[in-house]
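Chains A and B supply the protein sequences, listed in that same order.
Going by our numbering, the first sequence opens with residue 17, and the numbers climb by one from there.
Going by our numbering, the second sequence opens with residue 17, and the numbers climb by one from there.
These are computed hints drawn from the structure, not numbers from a lab.
Treat the numbers as computed from the prediction; the structure is a model and nothing was measured.
Please note: incorrect hints may appear among the correct ones.
The list treats identical chains as interchangeable, and a pair is accepted whether it falls inside one copy or across any two copies.
[As the list claims (entries may be wrong)] Straight-line alpha carbon distances no greater than 35 Å define the calculated DSBU-like cross-link-like pairs of lysine-lysine that follow:
{"id": "1", "residue 1": "243", "residue 2": "302"}
{"id": "2", "residue 1": "295", "residue 2": "65"}
{"id": "3", "residue 1": "326", "residue 2": "19"}
{"id": "4", "residue 1": "326", "residue 2": "312"}
{"id": "5", "residue 1": "79", "residue 2": "411"}
{"id": "6", "residue 1": "19", "residue 2": "422"}
{"id": "7", "residue 1": "94", "residue 2": "145"}
{"id": "8", "residue 1": "19", "residue 2": "79"}
{"id": "9", "residue 1": "302", "residue 2": "94"}
{"id": "10", "residue 1": "65", "residue 2": "94"}
{"id": "11", "residue 1": "26", "residue 2": "94"}
{"id": "12", "residue 1": "155", "residue 2": "79"}
{"id": "13", "residue 1": "422", "residue 2": "378"}
{"id": "14", "residue 1": "305", "residue 2": "411"}
{"id": "15", "residue 1": "411", "residue 2": "65"}
{"id": "16", "residue 1": "110", "residue 2": "94"}
{"id": "17", "residue 1": "79", "residue 2": "302"}
There are 2 protein chains.
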Amino acid sequence: MSKVTQDLEKYAELIISSGCNLQPGQELLLSASTDSCEFARMVTAEAYKQGARRVTVRFADEKISRLHFEHCALEVFKDFPEWQALLSNSMAEKGAAFLSIISDDPLAMVGIDQSKLVEHSRSSYEACKPFQQAIAEGKLVWCIVAAAAPQWAQHVFPQLSAEEAVDKLWQAIFSAVRVNTADPLAAWQQHRKSFDARKAWLNSQHFDRLHFHSELGTNLVVGLNEKGLWQGGGDITTSGTEFFPNMPTEEIFTTPNRLRAEGIVYSSMPLIHYGSPIKDFSLSFKNGKVVDCSAKVGQDVLEAILSIDKGATRLGECALVPWDSPIQQSGILFFNTLFDENASCHLALGKGFSDCFEGGQKLSEDELEAVGVNKSATHVDFMIGTANMSITGIKPDGHELPIFSKGNWAF
Amino acid sequence: MSKVTQDLEKYAELIISSGCNLQPGQELLLSASTDSCEFARMVTAEAYKQGARRVTVRFADEKISRLHFEHCALEVFKDFPEWQALLSNSMAEKGAAFLSIISDDPLAMVGIDQSKLVEHSRSSYEACKPFQQAIAEGKLVWCIVAAAAPQWAQHVFPQLSAEEAVDKLWQAIFSAVRVNTADPLAAWQQHRKSFDARKAWLNSQHFDRLHFHSELGTNLVVGLNEKGLWQGGGDITTSGTEFFPNMPTEEIFTTPNRLRAEGIVYSSMPLIHYGSPIKDFSLSFKNGKVVDCSAKVGQDVLEAILSIDKGATRLGECALVPWDSPIQQSGILFFNTLFDENASCHLALGKGFSDCFEGGQKLSEDELEAVGVNKSATHVDFMIGTANMSITGIKPDGHELPIFSKGNWAF
Chain A
17 MSKVTQDLEK YAELIISSGC NLQPGQELLL SASTDSCEFA RMVTAEAYKQ GARRVTVRFA
77 DEKISRLHFE HCALEVFKDF PEWQALLSNS MAEKGAAFLS IISDDPLAMV GIDQSKLVEH
137 SRSSYEACKP FQQAIAEGKL VWCIVAAAAP QWAQHVFPQL SAEEAVDKLW QAIFSAVRVN
197 TADPLAAWQQ HRKSFDARKA WLNSQHFDRL HFHSELGTNL VVGLNEKGLW QGGGDITTSG
257 TEFFPNMPTE EIFTTPNRLR AEGIVYSSMP LIHYGSPIKD FSLSFKNGKV VDCSAKVGQD
317 VLEAILSIDK GATRLGECAL VPWDSPIQQS GILFFNTLFD ENASCHLALG KGFSDCFEGG
377 QKLSEDELEA VGVNKSATHV DFMIGTANMS ITGIKPDGHE LPIFSKGNWA F
Chain B
17 MSKVTQDLEK YAELIISSGC NLQPGQELLL SASTDSCEFA RMVTAEAYKQ GARRVTVRFA
77 DEKISRLHFE HCALEVFKDF PEWQALLSNS MAEKGAAFLS IISDDPLAMV GIDQSKLVEH
137 SRSSYEACKP FQQAIAEGKL VWCIVAAAAP QWAQHVFPQL SAEEAVDKLW QAIFSAVRVN
197 TADPLAAWQQ HRKSFDARKA WLNSQHFDRL HFHSELGTNL VVGLNEKGLW QGGGDITTSG
257 TEFFPNMPTE EIFTTPNRLR AEGIVYSSMP LIHYGSPIKD FSLSFKNGKV VDCSAKVGQD
317 VLEAILSIDK GATRLGECAL VPWDSPIQQS GILFFNTLFD ENASCHLALG KGFSDCFEGG
377 QKLSEDELEA VGVNKSATHV DFMIGTANMS ITGIKPDGHE LPIFSKGNWA F
């Protein structure tokens, strides 16, 4: 067996054991792209090895998806297929684990009419409410991981041949997810624990707001919730199953108050949104709401995000990632949020996290909104961290403490 | 553009235009394997070019399917996923065209517990009754075509490399479906008409039964229905849309009387059933029912077919294909029913065709059964034609007329 095959098998095992923490007799819904078919087979085999009752594999093909968006009328995207909603909702109902293997071409959807993507995202969210609700209530295990595929790999490593680029991207993935350690499962247990001290400190400080500064011009105050919680290093269901929603994960994050962001923030990395790039952009906030936006590339894509619903103009996440994070240090720009968000402090427009609010998993979407947790059909991360970012925590009484200094943890 | 790409595009156009006769604004459900992903993209693009409202592509992966059958408990196959049933049934409800691109590895399921395959087939049929019913009532367009894929190609051409085998199988497919003619669409119009004279003659004769003889030992009398109809060369929906359920198609066929088959029949080609081969087999019939069976290879698979339900032990189809059919003359054994059934006279165990009975499309399954058209969850063709097959038509008064002599049409 080749080294790569061995690493792929270790990775598949890690995903099913640690990412999904799959229980014997549990069902698994695996979403994958046709271009990562072989890895999907390995993951399916591993899930059965670990006792899955049934693995349902849902393949999508980006080139076919692009054809849909090119040719279908806007109204078609308003009509989300009932069978697709039933798939997600019935799997949620039976407590399946939801695993997505992503391998997106960063440019898959360039030039597509953004209003169709917006409609799709909106109708999908509406139709899959029971599934979304189960996630928000902490009832489900879900996990997003990556697989190297030619289009993506060549975007990351444009100077290499497709084959070399795929190999190199696999190596970068293996490194980011600690597959190249002696015992990846133990490495992830250790990784989980490594977040504890910083999370505990942040939660103990009860900051009222954070003040972000960067050399790009960012000068933003993000208001937090009184009952806000900092999370990171993995998640746990209400019934006690530990899992990792994202692999890799390097962030400690919370949900800010939806009504309290003031100032301007500049992006520090390109954002790839549904296969279209947005570059060098800024957002101005007033009373928590985006009141102005500007992008050198992808202004229409950025505006489309903001148009999804009113929640899309407000913040749902505020995440801290030091500049010395292993993914930032790899020097690779992945053009993929799963990686890039773990290389940089970031914010997200759209939906907030119920588990970042004390008792939030027992509240409805509307109740969460009322207490300050943003409600939206979307959630779009964008990177703001830089080598010289400073973040200051401000207490309700105005007392200030440094959180980040020169891009890294200050405590 | 290479010659192969040109031919693939002509083939995609032929499938959507002639096979599906897709109407502007109609939906298409396309089922394909991950290993024919590229061709599925071309067909999807063509469907949109011809005005499809939406193309829903359902990918399956044989290696993953095999994992399911290897690892899931039998009970899992009794529980057909509701979302899958909803997909088929809702598409039928909205009058979508159903297109399947097949590329099956003939040995994909060798060694799999047949009872699981039987349960799957049974529960799928039950759950998709509205879809099945719409087909039986002649309301739907459905079309099965093939795409070359490595596993299948290397089984057909074991002496060639995977790449060479795939190329050669594509050429064989192009030839069988007349893509290598100057105007394939016109060739298929012509082909449709070429069946008319023989169908008309057979329908005018009102044979009571057919007597099959072959040098392999076949000596079988198949009773026909008084109101039976011979079909072939394409189909037409009750609303008047002409389509081709199979491409290629070289057969003229009817549904025999389910209670009247007597004698023994020997297979003339291997039968691949859900990825398991059955070779050199015979079936003995009494009062229309299989009372004995024997296979040199795949006895368990054959017995599994017969165990699906009581209808699986009786005949649902009797099809006439001359030995000089172009597919037989190609000398290629395709190990795939779509091709092999068009190279040889064949019978099918299981479900009969409502459109092979006068007024049959207005009858329920049970009503059809009562008048002699077989009812079953399955339909399995098996080849019996040989170079020396003779078939005699016998009228109700005992008068005999030759239909086949030395393997070919005798009239």
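Okay, the hints, checked on the actual structure:
In the homo-oligomer, the alpha carbons of residue 243 and residue 302 lie at most 35 Å apart inside one protomer (22 Å), although the nearest pairing across protomers, at 79 Å, exceeds that limit. Only between protomers do residue 295 and residue 65 lie at most 35 Å apart by alpha-carbon distance; the minimum there is 33 Å, versus 43 Å within a single protomer. Taking identical chains as interchangeable, the C-alpha atoms of residue 326 and residue 19 are never at most 35 Å apart, the minima being 49 Å within one chain and 52 Å between chains. Taking the shortest Cα distances, residue 326 and residue 312 sit within 35 Å of each other inside one copy (24 Å), while across copies they are farther apart (69 Å).
In this assembly of identical chains, residue 79 and residue 411 lie within 35 Å of each other by CA distance neither inside one copy nor across copies; the values are 50 Å within and 57 Å between. Taking the shortest Cα distances, residue 19 and residue 422 never come within 35 Å of each other, neither inside one copy (39 Å) nor across copies (60 Å). With identical chains, the CA atoms of residue 94 and residue 145 are at most 35 Å apart both within one copy (15 Å) and between copies (28 Å). Both within a single protomer and between protomers do residue 19 and residue 79 lie at most 35 Å apart by alpha-carbon distance, with minima of 31 Å and 22 Å respectively.
For a Cα distance limit of 35 Å, the shortest separation of residue 302 from residue 94 inside one copy, 31 Å, qualifies, whereas the shortest one across copies, 57 Å, does not. When the C-alpha separation of residue 65 and residue 94 is checked against a cutoff of 35 Å, the pair qualifies only between copies, where the shortest distance is 21 Å, while the shortest distance within a copy is 40 Å. In this assembly of identical chains, residue 26 and residue 94 lie within 35 Å of each other by CA distance solely across copies; the values are 33 Å between and 41 Å within a copy. In this assembly of identical chains, residue 155 and residue 79 lie within 35 Å of each other by CA distance both inside one copy and across copies; the values are 34 Å within and 31 Å between.
In this homomeric assembly, residue 422 and residue 378 never come within 35 Å of each other (Cα to Cα): the closest approach is 38 Å inside a single copy and 78 Å across copies. In the homo-oligomer, the alpha carbons of residue 305 and residue 411 lie at most 35 Å apart inside one protomer (22 Å), although the nearest pairing across protomers, at 85 Å, exceeds that limit. Within a single copy, residue 411 and residue 65 get their C-alpha atoms no closer than 50 Å, and across copies no closer than 61 Å, so neither meets the 35 Å cut-off. Taking identical chains as interchangeable, the C-alpha atoms of residue 110 and residue 94 lie at most 35 Å apart whether they share a chain (27 Å) or sit on different chains (17 Å).
Taking the shortest Cα distances, residue 79 and residue 302 never come within 35 Å of each other, neither inside one copy (39 Å) nor across copies (54 Å).
Hint compliance for this structure: hints 3, 5, 6, 13, 15 and 17 are not met, and every other hint is.
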